[in-house]
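Starting from the known structure of chain E, arrange chain L with the ligands on it as the hints suggest.
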Amino acid sequence: MKTIAYFDASHDFPEEILMAAGFVPYKIFGDVHKSNEPADRYLQAFFCPAARSFLTEALARSGEWDGIVIAQGCNSTNRHHDVWKRHVTTPFLYWFNGPSKDDAIALRFMKTECWRLIDALDRQFRTPVTPEKLAEANRESNAIKRKLQALSKLRGEKDITNREYLDILIKSMQMPKKEVSAEIDSLIKKVDARGPFPSNKKKMLLTGSDVTYPELMDQLDEVGFRIVRDDLSVGERYFATLIPEEGDPLEALARYYLTIPKPSTKVGVRKRIQYLEQALSESGLDTVVSQNLKFCEPFAYDAPLVNGELKDKGYRVLHLEREFTPGPDNQLINRLSAFSEML
Amino acid sequence: MNSKNNESRIENEQIRINTLPHARSIKWPMLWYLFVGQLYTLLPWKKTAWTCAGFPIELLWGFDIFPLHPENMATVAAAQKQSQRLIEHAESMGYSRDLCSYCKTNLGAVDTGIKTTLGGIAKPDIITCTNTICDTHWKWFQIQAERLKVPFFMFDCPKIVSGTDERTIEGYINYMVEQFYEFFEFVKKHTGRELNIEKMIRASDDSELMSSIWRDIYECRKRVPSPYSSAETSASFFPLVVLPGKKVGIKFFEKIRGDIRKRVERGEGTLSIGTERYRILFEGIPFWYRMRFMYDLARYRAVVTYEPYTYSFAPPKPISKNYSESLREVARIMMDLPYSYNLEKRIQYFEQAIKDYSIDGVVLHENLSCRPSSTGMIDLKNAIQDDLGIPVLIIQCDMNDPRAYSEAQMKTRIESFIELMEKNRHG
Ligand code: SF4
Ligand code: SF4
Numbered sequence: 001m002k003t004i005a006y007f008d009a010s011h012d013f014p015e016e017i018l019m020a021a022g023f024v025p026y027k028i029f030g031d032v033h034k035s036n037e038p039a040d041r042y043l044q045a046f047f048c049p050a051a052r053s054f055l056t057e058a059l060a061r062s063g064e065w066d067g068i069v070i071a072q073g074c075n076s077t078n079r080h081h082d083v084w085k086r087h088v089t090t091p092f093l094y095w096f097n098g099p100s101k102d103d104a105i106a107l108r109f110m111k112t113e114c115w116r117l118i119d120a121l122d123r124q125f126r127t128p129v130t131p132e133k134l135a136e137a138n139r140e141s142n143a144i145k146r147k148l149q150a151l152s153k154l155r156g157e158k159d160i161t162n163r164e165y166l167d168i169l170i171k172s173m174q175m176p177k178k179e180v181s182a183e184i185d186s187l188i189k190k191v192d193a194r195g196p197f198p199s200n201k202k203k204m205l206l207t208g209s210d211v212t213y214p215e216l217m218d219q220l221d222e223v224g225f226r227i228v229r230d231d232l233s234v235g236e237r238y239f240a241t242l243i244p245e246e247g248d249p250l251e252a253l254a255r256y257y258l259t260i261p262k263p264s265t266k267v268g269v270r271k272r273i274q275y276l277e278q279a280l281s282e283s284g285l286d287t288v289v290s291q292n293l294k295f296c297e298p299f300a301y302d303a304p305l306v307n308g309e310l311k312d313k314g315y316r317v318l319h320l321e322r323e324f325t326p327g328p329d330n331q332l333i334n335r336l337s338a339f340s341e342m343l
Numbered sequence: 001m002n003s004k005n006n007e008s009r010i011e012n013e014q015i016r017i018n019t020l021p022h023a024r025s026i027k028w029p030m031l032w033y034l035f036v037g038q039l040y041t042l043l044p045w046k047k048t049a050w051t052c053a054g055f056p057i058e059l060l061w062g063f064d065i066f067p068l069h070p071e072n073m074a075t076v077a078a079a080q081k082q083s084q085r086l087i088e089h090a091e092s093m094g095y096s097r098d099l100c101s102y103c104k105t106n107l108g109a110v111d112t113g114i115k116t117t118l119g120g121i122a123k124p125d126i127i128t129c130t131n132t133i134c135d136t137h138w139k140w141f142q143i144q145a146e147r148l149k150v151p152f153f154m155f156d157c158p159k160i161v162s163g164t165d166e167r168t169i170e171g172y173i174n175y176m177v178e179q180f181y182e183f184f185e186f187v188k189k190h191t192g193r194e195l196n197i198e199k200m201i202r203a204s205d206d207s208e209l210m211s212s213i214w215r216d217i218y219e220c221r222k223r224v225p226s227p228y229s230s231a232e233t234s235a236s237f238f239p240l241v242v243l244p245g246k247k248v249g250i251k252f253f254e255k256i257r258g259d260i261r262k263r264v265e266r267g268e269g270t271l272s273i274g275t276e277r278y279r280i281l282f283e284g285i286p287f288w289y290r291m292r293f294m295y296d297l298a299r300y301r302a303v304v305t306y307e308p309y310t311y312s313f314a315p316p317k318p319i320s321k322n323y324s325e326s327l328r329e330v331a332r333i334m335m336d337l338p339y340s341y342n343l344e345k346r347i348q349y350f351e352q353a354i355k356d357y358s359i360d361g362v363v364l365h366e367n368l369s370c371r372p373s374s375t376g377m378i379d380l381k382n383a384i385q386d387d388l389g390i391p392v393l394i395i396q397c398d399m400n401d402p403r404a405y406s407e408a409q410m411k412t413r414i415e416s417f418i419e420l421m422e423k424n425r426h427g
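These protein sequence lines map, in sequence, to chains E and L.
Per our numbering, the first sequence starts with residue 1, numbered consecutively.
Per our numbering, the second sequence starts with residue 1, numbered consecutively.
In case anyone wonders, no lab produced these hints; they're calculated from the structure.
Errors might be hidden in some of the hints.
What the hints assert, rightly or not - To spell it out: a stretch of chain E is covered by chain L in this simulated footprint if at least three of its residues, at any positions, have a beta carbon under 8 angstroms from a beta carbon of chain L; those stretches are:
id, segment
1, 103-109
2, 149-155
3, 181-189
4, 225-238
5, 302-311
6, 324-334
It should be emphasised that the depicted structure is a prediction, and the values quoted were computed from it without experimental measurement.
The C-beta atom is built at its ideal place from N, Cα and C for all residues, glycine as well.
Extracted from the complex, chain L is given alone in its bound form:
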């Protein structure tokens, strides 16, 4: 196919994402997070914890412990164009080029003492994590706990591999629940804090409220044209990660949902009417140092209408349950996040999303930093292509290390992918 003759795939600099009126309001929850985090760090009677994706932050709210997120701050460093120098600093400390760039950004940030606004992070009172998503989380946090001389706790989450039966999962949950009680003891020992169960349940209820708004937003994204794309969600989902259940985040999401509903009523999309042509599912972490990537897709009339990454932070949370029931449910969620879904479940999940969101093509980010999420990607690609007959593109890159990104190569690959979607459209 001659690309120049095919109007549908010509890159058009004029086509742009129409951002939502309240898009910029994201700065309030972010500033709140940074300010309150700073306050908790400075006031001697307040306590903070480092924690990671997949950890039930509501538990920390139940102890009035402020969660600091090294991963999130690593993305800030990338957006502020600091990640490469921090990564290289970590490599000069002896960390291999092949290790996760979030971890290395954090190691570099702590070692150089970079400011919070550039991706730095304060020393916490405790460090907590899980091993549900990856080895990196706990290896990284264990190293930092040793270096900073901070108490460390890891939830050891059994792996629900393909074919695990319900009876086994119940046994896994028992193991997890026992660890909750161990964790409560750990927190008490190192911070003097006791769990306020009511506070935790309230945090969980609020968190579910926030997640449900996010899920509403995702419902709207099923509409054609899509009113909202990953160009915006990649920034706006942060309250779900760092402030689940906090009013400031809920207010922000309500405004965003309001904007989107208005768009839907008017039949408008994130691209101007009549422009949306390709609906894409993007799997993986975005390139934080090159967020324009998501915006640039618009030039091809392509919109990322579903991304498991941002959706995965809004699983239904246990609400108004009694204490022990809640713990069992939290345990189950921790082991069975979309990011740790086993391959069989992942394939089903993707295929359903492709149908629900009328997806024309799938882009899988094979992340050089993230072997766990890249495992099974070849099978995922083949299954989607075979079962649903839509094109799937695997792009190899890195979410925080700009050295892995090649502008020219990315452009060529995206253009041939658009071409494939176009061909597919015509059978």
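Bound-form chain E, shown alone:
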């Protein structure tokens, strides 16, 4: 099947348009196990290491993809586009400028941007997107989201490792939706058959920069933390809400992307705090691990304010800055262990 890869700082890019045009959307996550040396020839070491890893992957694999879309999100997407344009070989490099706000004006702009993408795909690949095809893609996307919601609910009740949760999310954003749908079903089945939530684990909510590799999830598990809620894009933000299935599908899609739980890359820190408070209170949690990837500025700017408010409300919050590495980060593990003991 034809694949279009995309670089998305959060959950900003309407992959459903690619699905409606007959492509498999593939979200680029890079590879933490590989050196960033190829990207470092063009991007300095004090830039977001995840974004550098995405470029490294694109330099190596762009030949396997029919095109690449970069969606407006943070300074990495916005400024690195031009570096990709100079160095990544692809027949189709497209800039999708989704809005940073979520009001009525932004909604109109989002719709225009969606139309522009549909038009560009059609001109490049002769793949017209009809309202019917888009409605179908929205439904298919919702079906995955519903299954992920069901799986997510089990996180507080059953024994699902942090790695399993991240793995299935990554697959949901990289594999053909039909295949991933079967994988989620089988994971839910497997989990259902397992025992209850392990008594030696502590439940917590994870917030901050997106986690794109499972080793960090393992480290959390090893120190005894289970993520039962989160507000990550490779997490709840991806499935917390559904695309409205009635009315104009394009309008519905645009509306959906503007109303999902807020990441730090979008205006509206108040809404982000509200989502976190709601998630904590509805699941009876009182523990938050907030982390940001080194050089990931949007989340680093938010952290003191967001964490401060949560602490003021009585939640126990640990904030960590982490490196982009699969190896054990001793400093991180020590801080997590100390926090765990304190609980």
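Showing chain L with the ligands alone in chain E's frame:
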């Protein structure tokens, strides 16, 4: 090459920048700015706004709202040797060492309540910004709006990446224009002010007058020897940032232009006759806590004759246009500032400036505080070297955080760069 034997690159303590007779007059616009800003803050019926680089300040004048500039005040803190302690204070509040030092200087300044003359800033009535240049501007202003409980508005500027076609840009402009009307509503709601269109257009016309004087000054800088260098522009451009179009700034620029024209007539430069040897383009924000850096270059007979940073505050502004045409043009300028130029345009822009200003070498300040302006720098360096065959030096530092500056390392790097320019001169 043995440095001691090469007269051209020996550091010579005697060679100095000859400052312009009216250089010190900069204090008047600065005092005016601080005094009037204070007045607007104290008088209950007057209104103020925090705003950032890239924001069309003429709009605020149209509402009779005084613009307060956290970035500018952060530079004042650095010049007054206060920035490090304010930055460290912000870090103790939980802000990462890797974040922009302007932002942290401001967070520290507000939290410690430091005096305006040392880089402090008053609480405004509204906070306005754009995301055209960087994430920092809006993330920082949003945080402060929350902390200070002040209404916040951000212009969401689409990004004109390399290859964006005109039709798409027109669509982006439509989005921006809609936001202007939203902004007018926002201002009315939170300050009770309505836009006085005539006042705004007048402010824009005056602003263009001020910018055009600055551009004249830049024309003169093309002359060899250069009559004016970044040692002076780094201070004198402030009226363009904080007081665009204000008479007090225009008068100052007229005096400076007069001084420069006299110099040009006499064939003199900012260095004594026969001394200028290397003409440098400096990209990036200067080191505000170490302004001597620009003066010290003179010791190597080097003069910074062009810096996109100070030039970028003087884009041609829409004049005598009707209201809606003006708004469309302002929208375009906001999205397409030299500081947010896409890489393809940035390379063209630099290469043209290098030719126009007879540049021998380029220094790129890779700013640890400023990832957006540092992005693409490696490509920029390679393109300039390949296309024009002149040396390009990347120096990693920070504009407001003195902890990033190493005297010895800087000296070594500058000296080898001078050596490279000298070699290049001899083919
Ligand atoms: S990790 Fe942060 S800086 Fe990096 S791409 Fe994602 S949002 Fe942007
Ligand atoms: S220095 Fe760079 S990151 Fe900081 S405010 Fe200025 S443009 Fe933004």
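Is the coverage entry for the segment 302-311 of chain E by chain L consistent with the three-residue Cβ rule at 8 angstroms?
It holds: at least three residues are needed, and the segment 302-311 of chain E offers 6 whose Cβ sits within less than 8 angstroms of chain L.
Are there three or more residues in the segment 181-189 of chain E whose C-beta lies within less than 8 angstroms of some C-beta in chain L?
violated (count 0)
Taking a Cβ-to-Cβ distance below 8 angstroms as contact, does the segment 149-155 of chain E have at least three residues touching chain L?
Our answer is that it is violated, as 0 residues pass the Cβ test (under 8 angstroms) against chain L, missing three.
Mind taking a look at whether chain L covers the segment 324-334 of chain E? Criterion is 3 or more residues with CB to CB distance under 8 angstroms.
Not satisfied, violated; 0 residues make the cut.
So is the segment 103-109 of chain E in contact with chain L by the C-beta rule, three or more residues under 8 angstroms, or is the coverage claim wrong?
holds (count 5)
At a Cβ distance under 8 angstroms, does chain L reach at least three residues of the segment 225-238 of chain E?
violated (count 0)
Hint check: violations occur at hints 2, 3, 4 and 6; the rest are consistent with the structure.
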